[in-house]
Amino acid sequence: MRLLLLIRSVWLTRGARADFKRSERHRLLADAYLNRSIARLDVADAILEAERTALTHRV
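For what it's worth, numbering that gives the first Met the number 0 labels the leading residue of the sequence shown as 0, then goes sequentially.
Mixed in with the good hints there might be a few duds.
[Claimed, not checked] Across the chosen pairs, the derived CB separations fall in these ranges:
| id | residue 1 | residue 2 | range |
| --- | --- | --- | --- |
| 1 | Leu-40 | Met-0 | 35 to 41 Å |
| 2 | Ala-43 | Thr-12 | 43 to 49 Å |
| 3 | Leu-11 | Val-42 | 44 to 50 Å |
Quick caveat, the hints were computed from the structure, so don't treat them as lab data.
Cβ coordinates follow ideal geometry from the N, Cα and C atoms, glycine included.
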């Protein structure tokens, strides 16, 4: 009986470790998407600022 409990605990530990690694990969992927979105917003902001400057300084 103890052997079965030991096998079960090892099996559950492996599953928990796999879940943790999967969630860590998902977190890293979400961070990458967030950074890409922030970079795109920064570029869009720079473009809008340049257009605003061009319109206000038009002669």
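Hints and how they fare:
Taken as a hint, the range 35 to 41 Å is violated for the pair Leu-40 and Met-0, whose Cβ atoms sit roughly 59 Å apart. At roughly 47 Å, the beta carbons of Ala-43 and Thr-12 sit within the given window of 43 to 49 Å. Between Leu-11 and Val-42 the beta carbons are some 47 Å apart, a value that agrees with the proposed interval 44 to 50 Å.
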